[in-house]
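J.: Produce the entire structure from the sequences given, and follow the hints as far as they go.
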Amino acid sequence: MHELDEPLRELIPRLRRFAVSLTRNASSADDLVQSTLERAITRWADKRIEGDLRAWLFSILYRQFLDAHRRTRRYARMLAFFTGREDVQPSVERTVIAQSTLQAFDQLNTEQRALLLWVSVEGLSYKEVAEILDVPLGTVMSRLSRARQALRQLSDGEIASPSLRILK
Amino acid sequence: MISLPPCERDLHAYVDHQLPESDRRVLETWLAAHPDAAAQVHAWQQDAHVLRASLSGTLQLPANPDLDPALIRRRIRLQSRRHLATAAVLLIAVSLGGLGGWHAREATQPSMLPMADAMQAFRLFAQDGVLPADYRAQDSGTMQAWLDRYFNQAHRLPDLSPSGFKPVSGRLLNTEQGTAAMVLYEDPQGRRISFYIRPPGPNNGFLPHGSRTANGLQAQYWSGAGYNYAVVSPADLAPTHVLQF
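Here the protein sequences come in this chain order: G and F. The first sequence maps to residues 1 to 168 in the UniProt record's numbering. The second sequence maps to residues 1 to 245 in the UniProt record's numbering.
Treat the hints with care, as some may be off.
As the list claims (entries may be wrong) - Covered stretches of chain G, going by a simulated chain F footprint (3 or more residues, C-beta under 8 Å):
1. 15-21
2. 28-42
Said to hold, decoys possible - Mimicking SDA-like on lysine to any residue, the simulated pairs with C-alpha atoms at most 25 Å apart in a straight line are:
3. G/Lys-127 / F/Arg-9
4. F/Lys-166 / F/Arg-149
5. G/Lys-127 / F/Glu-28
6. G/Lys-127 / F/Ile-2
7. G/Lys-127 / F/Met-1
8. G/Lys-127 / F/Ser-3
It is worth saying that the hints were derived from the structure and are not from the lab. Backbone N, C-alpha and C fix where the C-beta goes; we use that ideal spot for every residue, glycine too.
T.: Shown next as C-alpha cells:
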C-alpha cells in the first residue's frame with residue numbers, strides 16, 4: 001500500500017464536509033472529493049508537499065470547486081442569453097431569512113464559507129489560509145472579519161423572523 | 001506583545017486561539033473590564049461553536065467506496081499503463097514491419113486486407129501473450145459493460161458459449177482508424193478466439209460480410225452500428241455460427 005493512502009483515507013470525512021459546505025449537495029460534493037483525490041495522488045508523485053496535508057488538500061479542493069463553479073456560471077449566462085431570461089441563479093436563496101446559524105452560513109458567499117470552515121471549524125492557522133488563498137495575511141484577517149460580521153447579521157434574522165410573522 | 005486597546009484583528013486572533021499565551025492573558029484581563037467588546041467576542045465564539053456543532057454531522061456520512069485512495073490510485077495506474085501499452089503496441093508493429101514478411105505487407109496495405117489489424121492483434125495478444133489485459137471479466141455481463149464504456153451502441157459481444165468459449169479479457173488498442181478493442185474468448189481447453197471492434201476510420205471503410213484466411217488464422221468480418229468488427233480464430237476452429245448479425 002502507498003504511504004499516502006492511509007493519511008488520505010483519514011482526511012476523507014473532512015474533505016467531504018468541506019465539499020458539502022461548498023456545493024450544498026452530497027453527490028456533487030463526492031465528485032469534487034474524488035477529483036481532488038485524483039489530483040492529489042498524481043501530483044504527490046512529482047512533488048512532495050511541505051506542511052499540513054490537510055491544508056494542501058483543502059486548497060486543491062477549493063480550486064477545483066472554483067473552476068467548476070466558473071464553468072457552470074458561464075454556462076448559466078449562456079443559457080440566459082439564449083433563453084432571454086436575465087436571472088437564472090435562484091434569487092430566492094438570497095431573500096430567505098436565516099433561521100439558524102447553519103442556514104446563515106449557507107447564505108454566505110463561497111469564500112466566506114471556506115474561510116469560516118477553515119478557521120472556525122478546522123482550526124487552520126491564518127498563515128495556512130493565506131497560502132491556500134494566495135493572499136497576504138492582512139487580507140485573510142479582513143475577509144475573515146467581514147465573514148464573521150455577515151454570519152452574525154444573518155443569524156440575527158433568527159430573532160427578527162418570528163416577530164415579522166406576528167406582525168403579518 | 002499587543003497594544004491596548006486591541007484592534008479588531010487581535011480580537012479575531014483571540015477567538016481563533018492564534019494569540020501567543022502572554023497576549024492572550026493581557027487581552028482577557030482587558031476584556032473583563034470592557035463588556036461591549038467582550039460581548040462581541042463572545043458572539044463570535046458562540047457562532048464558531050454552533051458552526052462546529054452543526055457541521056459535525058457531515059463528518060458521519062456513510063462511506064463512499066468510490067473515494068478509496070487505493071482504488072483511485074489503481075484507476076490512475078491503469079490509465080497510464082494503457083497509454084504505455086499503446087506506445088508498446090506501436091513499437092512492436094513498427095519493429096515487426098522492419099523485419100519484413102507478412103506483417104509489413106499487411107501494415108502497408110490495410111485497405112487491401114480487411115481487418116488486418118484484428119489479425120495482428122490476435123497474434124500479439126492471444127498467441128504471443130505480449131502484454132497484460134486491460135480488463136478481466138468476472139462474467140460475460142461485465143465484459144459487455146466494459147466494452148460499452150468505449151463503444152457507443154455497438155453490436156453486442158457474440159455469444160460463443162455453445163462452443164464452450166467465454167470472454168475472459170479485453171484490451172484497448174490504438175489504430176489508424178481510432179480506438180479499437182479486442183475481447184479474448186477462451187474455452188476450457190485454453191483455445192482462444194478474439195472479437196475485435198473499431199471505428200471504420202476517416203474513409204468510412206465499412207465492410208461487407210466476409211472472411212479470409214492468412215497464416216493459419218481466419219478472420220470473419222462485418223460492419224454495423226457505426227463500427228467494423230472481426231472475429232479472429234485459428235483457421236481450424238473458426239466458429240461458423242458467429243455471423244448471426
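J.: Against this structure, judge whether each hint is valid.
T.: Now the hints, each set against the structure:
Closer than 8 Å: that is the beta-carbon criterion, and the segment 15-21 of chain G has 4 residues meeting it against chain F, so the requirement of 3 holds. Requiring three or more residues with a Cβ within less than 8 Å of a Cβ of chain F, the coverage given for the segment 28-42 of chain G holds, as 7 such residues are present. Restraint check for G/Lys-127 and F/Arg-9: the C-alpha separation of about 14 Å stays at or below 25 Å, so the hint holds. For the given pair, F/Lys-166 sits about 20 Å from F/Arg-149 by alpha-carbon distance, which is consistent with the 25 Å threshold.
Taking the CA atoms of G/Lys-127 and F/Glu-28, the gap is about 24 Å. The hint holds against a cut of 25 Å. About 18 Å separates the Cα atoms of G/Lys-127 and F/Ile-2, which keeps this hinted pair within 25 Å; it holds. At most 25 Å may separate the alpha-carbon atoms for a hinted pair to count; G/Lys-127 and F/Met-1 meet this at roughly 19 Å. With a C-alpha separation of about 21 Å, the suggested pairing of G/Lys-127 with F/Ser-3 holds against the 25 Å cut-off.
Violated hints for the displayed structure: none, as all numbered hints are satisfied.
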